[in-house]
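**Q** Given only the sequences and the hints, what does the whole structure look like? Please build it.
There are 2 protein chains.
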Amino acid sequence: MTARKIGVTELVLRDAHQSLLATRMAMEDMVAACEDIDQAGYWSVECWGGATFDSCIRFLNEDPWKRLRTFRELMPNSRLQMLLRGQNLLGYRHYEDMVVEKFVEKSAENGMDVFRVFDALNDPRNMAHAMAAVKKVGKHAQGTICYTISPVHTVEGYIKLAGQLIDMGAESIALKDMAALLQPQPAYDIVRGIKETYGDIQINVHCHSTTGVTLVSLMKAIEAGADVVDAAISSMSLGPGHNPTESLVAMLEGTEYTTDLDMDRLIKIRDHFATVRPKYKEFESATLVDTDIFSSQIPGGMLSNMESQLRAQGAGDRIREVMEEVPRVKADAGHPPLVTPSSQIVGTQAVFNVLMGRYKVMTGEFADLMLGYYGECLGERNPEVVELAQKQAKKDIITARPADYLKPEWDELVKQASALEGFDGSEEDVLTNAMFPGVAPAFFKTRDEGPKSVAKTPKQMESEKQASGAKQQGIAGPIKYKVTLAGREHHVAVEPV
Amino acid sequence: MTARKIGVTELVLRDAHQSLLATRMAMEDMVAACEDIDQAGYWSVECWGGATFDSCIRFLNEDPWKRLRTFRELMPNSRLQMLLRGQNLLGYRHYEDMVVEKFVEKSAENGMDVFRVFDALNDPRNMAHAMAAVKKVGKHAQGTICYTISPVHTVEGYIKLAGQLIDMGAESIALKDMAALLQPQPAYDIVRGIKETYGDIQINVHCHSTTGVTLVSLMKAIEAGADVVDAAISSMSLGPGHNPTESLVAMLEGTEYTTDLDMDRLIKIRDHFATVRPKYKEFESATLVDTDIFSSQIPGGMLSNMESQLRAQGAGDRIREVMEEVPRVKADAGHPPLVTPSSQIVGTQAVFNVLMGRYKVMTGEFADLMLGYYGECLGERNPEVVELAQKQAKKDIITARPADYLKPEWDELVKQASALEGFDGSEEDVLTNAMFPGVAPAFFKTRDEGPKSVAKTPKQMESEKQASGAKQQGIAGPIKYKVTLAGREHHVAVEPV
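If you read the sequences in order, they're chains A and B.
Read in order, the letters of the first sequence correspond to residues 1 to 497 in full-length UniProt numbering.
Read in order, the letters of the second sequence correspond to residues 1 to 497 in full-length UniProt numbering.
One or more of the hints may lead you astray.
Stated by the list, open to error - Think about it this way: if two alpha-carbon atoms lie no more than 25 Å apart in a straight line, the pair counts; the simulated BS3-like pairs of lysine-lysine are:
1) 160/A to 195/A
2) 281/B to 281/A
3) 391/B to 360/B
4) 456/A to 281/B
5) 281/B to 452/B
6) 139/A to 195/A
7) 394/A to 407/A
8) 395/B to 407/B
9) 281/A to 456/B
What the hints assert, rightly or not - To be clear about the criterion: a stretch of chain A counts as covered by chain B if any three or more of its residues have a C-beta under 8 Å from a C-beta of chain B, and this derived list gives those stretches:
10) 171 to 185
11) 207 to 213
12) 235 to 247
13) 286 to 294
In short, the hints are calculated from the structure, not lab data.
Glycine included, every Cβ here is placed at the ideal spot set by N, Cα and C.
**A** Rendered as structure tokens:
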């Protein structure tokens, strides 16, 4: 019997360092691993997305488009993959269709192959245009199901959504589990259901590892017919990140499945990032495993967000009440999956409800969510709260695709970018400024200074280590000081006796 | 359909802190969690074994028998479980049968319920007497298969070994995977094979999590019919430890299996140990996930052992050669599983072979291993090396059960203990000294001072943190001192140059 080959998407260049190191990894810490990554036999290499783009221009003074071109050069044999937030692109609002087309065109031109297109609310209308644009440039359009748990989310619902994505031309379906909520049985049932209903459409499964259970979910998904699964090289894995690539390889040994990955290459990649990760220690999250989300339904990042909002109001002791309010607000909104931006919108409204009375004050974003401006959720919105939203925001309910209400904006975006110091005249720069108008202008100005790393160099770490070592051991030899005594400077050597 | 109930053995009180915190956890850090552990619905609570016993008297000035009685009192509803190294008991040599009986009797008397009996070489003759002794006192005798990978270890061989253990009266079979080598497929095949061959004998599966793959192995073992699996509460899990209890619960939700554990209790247990673990940070291993063992066959602890032996000989650069020598030595010895003590014996001989020429010098222990004094391995020993061992050690080959060559020793052990200062006259003390003759005498002397904790109190941690914080920030400006020199006070400002 020949084992069925399971494709693997390596996440180390994007989601792994986004989840573990606050997206801070500099390009110089990735370059040396690219040849091995290119040769290891992955189905694809995820290397680009909203947070990496943002981090490039916000913290690293690096042009994200150039990063993409560098990856393209260094990994000529690999499918490069990105995560695209549908009509939001990599930003936080809906863009008019022509901007979406421009972005996809430019991404493809600069080297992107696989576009994983998703929407926080799972509203297919918010993914449709991006997917059509991907197909238009001849690249791989992957439609995405964001997995969550709620009274209205069912296996059947996810299977139906997969069908809508296939109808929209998805070349493959991604089951995306950003909160590590996907348990083995639903993983099996959803993948199996999609395969049985729609035939042999390619299914990719993406799980985080926060709850400690999702490598088992990948196993069950594979048994159910999944074709590609996501993993991160072990030295950049686990916690809020992903399951280790080498463990995945080991998991399938002896079964009727195989990854066919080159273990010698994986070891080199692992050893490379094992030296890189410690340099970003200050950005690391401490979470190793956390299953609270199964009962609270509240992702870790959302929880800490609400806690800091409460503290800022001097109400840090009311987090329990807010945690109990979240499911109510979520239900009122029609059970959106809690990911960016819906997690922030629901969380902030829950805080407001506790501090000021339920819906006495409504944020503009929450009103928009209630009135359809982010798209449709699976559940029904609470009509009383919708009415309140209309009154408070003085806006109408919309039912069509949100982007249909937008006017053409490309020319205006070109004009805005052109006015900026350091703008290089490219459409890439126009898109950068369109998506991150609060950050791009400063980046354009300093771009010529070249990329900056926020990693601690070995030298910096060594000197910190020595300093702390000296402290622990005490002073070993003479230390020289400049001592000012009675206004006069003396050079003094001090050593223990 | 009613879900099949899967029992869970909680490891936090023994193997979890042994694997993660060098067995240093003090009783005072466990007491507060015992009620919740007792009520959570575990099949058993592992709480005693060789390393915890050793650590009690070596580092914590605590009587391990008293620890056991305390557990018994605090957890009246639980099966207490221990790990027993067959004829070695908790020590490092074979004991004569009457000592084995005494130890089992006293352990049962002090509160032990389930005895997991194992032998490093999987030689049933080394387990037989301990198991018979357990049955004689009416307690649960669990026969153990140590899982390893080698050219002579097969699924069929493990199934056969299970049969031998059942014939010896095992009430259940433990599949013990101390190096996290048990992959999903063999986990399934071995459990399935045992159930199909011998009917419904209870099977317990124990896996470490080092390679990141073994929660999947537990899933497959459960699918194959395993009855009880081992886990550690999440705040004391992963890395060289075990899979998280809560993740196991989540894994089975929605499947045809259930743990029926009380999640509210688990959360309390988790929160308790989340505050305990940081106090032992200095004892923590850094390993998070490591799949090297699949190719090297060398457990992490054994590797670091060999490295330090090489460094002590000024040959730290020859570790590659030693790593290549290990499989050869292991094969010559008949493929023993590499666990204590076989891992040390094989590793040290591999170092000697590299430094001084192959088998030019043989350790006494390796000669004993080659001549049958530790029992039989599954593979054949290399006859040429056996001959060398006979010559160098001037000893005969033995083929019977090693303990058959021992003379009654109980009276002598009583005499030895009685001569010690602080001996309390109990048979428990005789056993303590019999198993740890190098440590017990000093412990008996200081026992009256009561248990000592090696944990860092929050206050200690805070002051260390402040000290290191100050150091890291460096001296920002001049610091003023009052210096008394030859009886006169000077006010001095010091700053770095």
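**Q** CA of residue 281/B to CA of residue 281/A, is that 25 Å or under?
**A** With a Cα-Cα distance of about 17 Å, the restraint between residue 281/B and residue 281/A holds, given a limit of 25 Å.
**Q** How does the coverage statement for the segment 171 to 185 of chain A fare against chain B, requiring three or more residues with Cβ below 8 Å from a Cβ of that chain?
**A** As far as the segment 171 to 185 of chain A goes, the hint holds, because 3 residues have Cβ atoms under 8 Å from chain B.
**Q** Are the Cα positions of residue 139/A and residue 195/A separated by 25 Å at most?
**A** The given pair, whose Cα atoms are some 23 Å apart, holds under the 25 Å limit.
**Q** Using a Cβ cutoff of 8 Å, are there at least 3 residues of the segment 207 to 213 of chain A near chain B, or does the coverage claim fail?
**A** With 3 residues closer than 8 Å to chain B, the segment 207 to 213 of chain A meets the three-residue bar; holds.
**Q** Can the restraint linking residue 281/B and residue 452/B be considered satisfied, given a maximum Cα separation of 25 Å?
**A** holds (17 Å)
**Q** Given the hinted pair residue 281/A and residue 456/B, is their alpha-carbon gap at most 25 Å?
**A** holds (23 Å)
**Q** Decide if the proposed pair is consistent with the structure: residue 391/B and residue 360/B, CA atoms, cutoff 25 Å inclusive.
**A** holds (12 Å)
**Q** Between residue 395/B and residue 407/B, does the CA-CA distance stay at or below 25 Å?
**A** This hinted pair holds, its Cα atoms lying about 18 Å apart.
**Q** Next pair to validate is residue 456/A with residue 281/B; report whether the Cα-Cα distance is within 25 Å.
**A** holds (23 Å)
**Q** Can you tell me if the segment 286 to 294 of chain A counts as covered by chain B, using C-beta to C-beta distances under 8 Å and a minimum of three residues?
**A** With 6 residues closer than 8 Å to chain B, the segment 286 to 294 of chain A meets the three-residue bar; holds.
**Q** Is the listed coverage of the segment 235 to 247 of chain A by chain B valid when you require three or more residues with a beta carbon under 8 Å from a beta carbon of that chain?
**A** holds (count 6)
**Q** Would the pair residue 160/A and residue 195/A pass a check requiring their Cα atoms to be no farther apart than 25 Å?
**A** holds (12 Å)
The structure is consistent with each of the numbered hints, conforming to all of them.
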